[in-house]
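Q: The lines below spell out each chain.
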Amino acid sequence: MAKFSVDNVKIDAIYSCVPTNKNKTRDYSLFNEAESLLFEKTTGISERRVAKENTTCSDLCYQAATNLLNDLSIDLSEIDILIFVSQSPDYFLPATAVTLQERLGLSKNCMALDINLGCSGYVYGLSVISSLLKNGLKKGLLLAGDKSTISTSFNDKSTYPLFGDAGTATLLSFDESAANMFFDLHSDGSGKDAIMIEYGHSRFPYNIFLDEEKEYEPGIKRSRNQLALDGMKVFNFALKEVAKSINECLEFAQVEKELVDYFVLHQANKLINDSVRKKMKLTEEKFPMSIGRYGNTSSASIPLTICVSLKEEIENQQLHLLLSGFGVGLSWANVLIKTGPIPVKCVDYD
Amino acid sequence: MGWYNFTLLILVYLSMNIQELITYIEEEFDEIEKGTIHSESSIREIEGWSSMHALILIALVDNHYDILLTGEELKNAVTIKDLHEVILKRKS
Numbered sequence: 002m003a004k005f006s007v008d009n010v011k012i013d014a015i016y017s018c019v020p021t022n023k024n025k026t027r028d029y030s031l032f033n034e035a036e037s038l039l040f041e042k043t044t045g046i047s048e049r050r051v052a053k054e055n056t057t058c059s060d061l062c063y064q065a066a067t068n069l070l071n072d073l074s075i076d077l078s079e080i081d082i083l084i085f086v087s088q089s090p091d092y093f094l095p096a097t098a099v100t101l102q103e104r105l106g107l108s109k110n111c112m113a114l115d116i117n118l119g120c121s122g123y124v125y126g127l128s129v130i131s132s133l134l135k136n137g138l139k140k141g142l143l144l145a146g147d148k149s150t151i152s153t154s155f156n157d158k159s160t161y162p163l164f165g166d167a168g169t170a171t172l173l174s175f176d177e178s179a180a181n182m183f184f185d186l187h188s189d190g191s192g193k194d195a196i197m198i199e200y201g202h203s204r205f206p207y208n209i210f211l212d213e214e215k216e217y218e219p220g221i222k223r224s225r226n227q228l229a230l231d232g233m234k235v236f237n238f239a240l241k242e243v244a245k246s247i248n249e250c251l252e253f254a255q256v257e258k259e260l261v262d263y264f265v266l267h268q269a270n271k272l273i274n275d276s277v278r279k280k281m282k283l284t285e286e287k288f289p290m291s292i293g294r295y296g297n298t299s300s301a302s303i304p305l306t307i308c309v310s311l312k313e314e315i316e317n318q319q320l321h322l323l324l325s326g327f328g329v330g331l332s333w334a335n336v337l338i339k340t341g342p343i344p345v346k347c348v349d350y351d
Numbered sequence: 077m078g079w080y081n082f083t084l085l086i087l088v089y090l091s092m093n094i095q096e097l098i099t100y101i102e103e104e105f106d107e108i109e110k111g112t113i114h115s116e117s118s119i120r121e122i123e124g125w126s127s128m129h130a131l132i133l134i135a136l137v138d139n140h141y142d143i144l145l146t147g148e149e150l151k152n153a154v155t156i157k158d159l160h161e162v163i164l165k166r167k168s
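If you read the protein sequences in the order shown, they are chains A and B. Under the working numbering, the residues of the first sequence are numbered 2 to 351, in order. Under the working numbering, the residues of the second sequence are numbered 77 to 168, in order.
Bound-form chain A, shown alone (with noise of 0.2 Å):
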């Protein structure tokens, strides 16, 4: 069982990064006006932020990187370990943590690596680079993203207006003062085409062919080598295993529910997010949400949803932090932690 406590590791700090092209749900050509106003409603997105065609997630992550590391005046030599978390790399390899390694100018002796997750990727990439730390590492950034609209297909209305681009940054520290962190990971494979990009990779390499699309109902089309979302399972995945595995984590962690400040939970869709709080039963101001003017950012959204929902609190205190991702793989984890007062920042990427 993937139930687990870390001691002895901060967080210093939290940047993110959004392209600065905006696109408004009411301006998405194929929906009708009654659509568009259903869309908003159920999933809470008005805007959501585009990347242009040559900019990467890793772009977006080294812009958060680099204005963190100056602003904190990190001194580069120190961080023992980089690890980025994508589904959304800049090649089919090398490994792009390794490719960030060298354009941010850390050490030789910084050891780097990849994480292929989605939405349950910031809080997986927390456990691994905090129980590296643990160890002895001295600092450690975590970044954590996605370029989602390179594999979107236009036609495709249940995939197209729900991604944004984003990415982030997170500077961890060895501490012995630091509060453990308790993790809850999870997997289950069996629902593995709920979420899937089939073509392109070794299972069935890139096909010019399927290039073409295809339509499979009304309004969603879309060829093989674009996402594809199966937004009834992943509702139902969300709804029967987010408010409990919570629950085990807290439980796990012995904290109670009201002693928790904010729930902080991936920006997939509104209506999932409710629907995990009345479970829950608490109240919405526990709930911070970002997706309205972001969209789903895959990893990014819980980082994203601390820099620009709970700025002013966490740069002013201690905050006792229930962070949630649960998404493609499908994959569930979260963390609880206690953090703050730290720097966040949310930057723009033109």
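A few of these clues could be false.
If you want a taste of the chain B side facing chain A, the calculated C-beta under 8 Å gives, among others [unchecked claim]: (1) Gly111; (2) Thr112; (3) His114; (4) Ser118; (5) Ile119; (6) Gly124; (7) Met128; (8) Ala130; (9) Ile134; (10) Ala135; (11) Asp138; (12) Leu144.
These aren't lab readings, by the way, just hints derived from the structure by calculation. Where is the CB? At the ideal position from N, CA and C, for every residue including glycine.
Fit chain B to the given chain A structure using the hints.
A: Structure of chain B alone, referenced to chain A:
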């Protein structure tokens, strides 16, 4: 209590509960005018029915009855009565 009265009570109980489900649905969907749907109404008669409505309905049933409908169950439920029967069956 005779069988007639017992059956009548059960019928009243069921119809009361189906009315409760209808009220929840009317409250949730802005597209539905209050008092315009009944047990035999088709769920998909909601104007502009889409997969988004299906998600709202799943969340509604989960929230009020603590039952997670599968896509298949929802697909097979044509009327509100059918949906109510699925809820009763799952509850028992």
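Q: All hints are to be evaluated individually against the structure, with a verdict given for each.
A: Hint-by-hint comparison with the structure:
1. Gly111: violated (22 Å)
2. Thr112: Where the cut-off is 8 Å and the nearest Cβ of chain A is about 17 Å from threonine 112 of chain B, the hint is violated.
3. His114: violated (23 Å)
4. Ser118: violated (18 Å)
5. Ile119: violated (15 Å)
6. Gly124: Holds, because the Cβ-Cβ distance from glycine 124 of chain B to chain A comes to roughly 5 Å (cut-off 8 Å).
7. Met128: holds (5 Å)
8. Ala130: holds (7 Å)
9. Ile134: holds (6 Å)
10. Ala135: At 5 Å from the nearest chain A Cβ, alanine 135 of chain B passes the 8 Å test, so the hint holds.
11. Asp138: holds (5 Å)
12. Leu144: holds (6 Å)
Violated hints, in rising order: 1, 2, 3, 4, 5; the structure is consistent with all others.
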